[in-house]
Amino acid sequence: MMKNIFLLLTFLSFNCVASDLTVYTLTLKNHRFSPDKITVKAGEKFKLAVVNLDNSFEEFESKKLAIEKFVNPKGKLNLVVGPLKPGSYDFFGEFHMKTAQGTLIAE
Amino acid sequence: MELNIFFIVYRESFEAILILSIVWSILTQAQVPAKMLKTILTTGAGIGLAISSLIAILIYQFQKLLPENFLDLFNNTLLFISIILITHMCIWMAKHAKNIKREMSQEIQKSLGMANYWGVISVIALSIAREGSETVIFLSGTLIEATREQVFQYSLVAIGALVLSLITLAVFLKGFKFFKPKIFFAVSSIFLFITAGSFLIKLTQNLINSELLSPLKENIWDSNHLIDETSRLGDFLSMTTGYHSSPHLMTLVIYLLYWAIAGSLYFRAQKS
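Residue numbers (the numbering used here), protein chains in the order written: chain A, 1 to 107; chain B, 1 to 272.
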């Protein structure tokens, strides 16, 4: 029963996903984000692309944004985020915490 | 770096160990014979570790053949199956709690044939596979990048973290002993439902972020001023319950549906 409801919700929601959103790109190189400060428009949904130029796996994580996802070596991650209220949102690469740190600012 | 390795290995195994220690205690309190208990635990752990290693081999050796979002798919699938299995186990427990109360261990053993144990074994295996695969991917990546001296050093740190996890497991097992079986089953069921619920929140959020699921309505409230998920309490709550300060409507609907369905199944099983 739970599965059926779940499938139904999935089906219903496929049609109402918007896709013409502003894209912001973060690049990972030598386990550092570039840019490590990125500004997005508050109150608007947007796409966040994480491009990994390194040869190792990374886990892109942000507690405040409730994101936790793997990024493949030389891979790319596409996320839909927001809308966010004005403020700063920290993110990091869990596998290289010392260097892979950054902040997303919504204003 | 060393600290990060320690932290990740311990945190990942902690989550698996919480579930493992509860299942272990449930079986002990249900007076499952020691030999059977050993078989269940080793089979579950063995399958879990095998899946973790298999995933690591797959992604490091055959990454080009796999779809870009393979790990994401793997993660979401495991989350989904874990939710079903954990919920099923709680309901199964509710059904058998009466037998345990009567303390007729032989009768229980009969009612819990090996076939019934596969549910428990799967819960153990999946908990270990979920956390284990992440740890293995992280560790193998770190070791590949490390110099030879570092490999030795890093391995020691990882083993240290694992040992600490095992100590944590022993502490939990000791602690759980002080509960009366009936109370323990009730408390652990609630805890397991909360855990399955947190998996469901994670899964839903994951699908929304990947545009596979509509949020219906975004950020229906904001409790950030009460509990911030970057604070220590918030971090703990988000790990154990799936707490997020500004959830989407879809997440809330699915979460409430889960509790309604799991709750009614649980109470029905208790009555029967």
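Treat the hints with caution; some may be incorrect.
Mimicking PhoX-like on lysine-lysine, the simulated pairs with C-alpha atoms at most 25 angstroms apart in a straight line are [claimed, not checked]:
no., chain 1, residue 1, chain 2, residue 2
1, A, K47, B, K217
2, A, K69, B, K38
3, B, K217, B, K38
4, B, K180, A, K47
5, A, K76, B, K202
Read the hints as simulated data drawn from the structure, not as lab findings.
Tested hints:
no., hint, result
1, K47/A <-> K217/B, "17 angstroms, holds"
2, K69/A <-> K38/B, "35 angstroms, violated"
3, K217/B <-> K38/B, "48 angstroms, violated"
4, K180/B <-> K47/A, "51 angstroms, violated"
5, K76/A <-> K202/B, "21 angstroms, holds"
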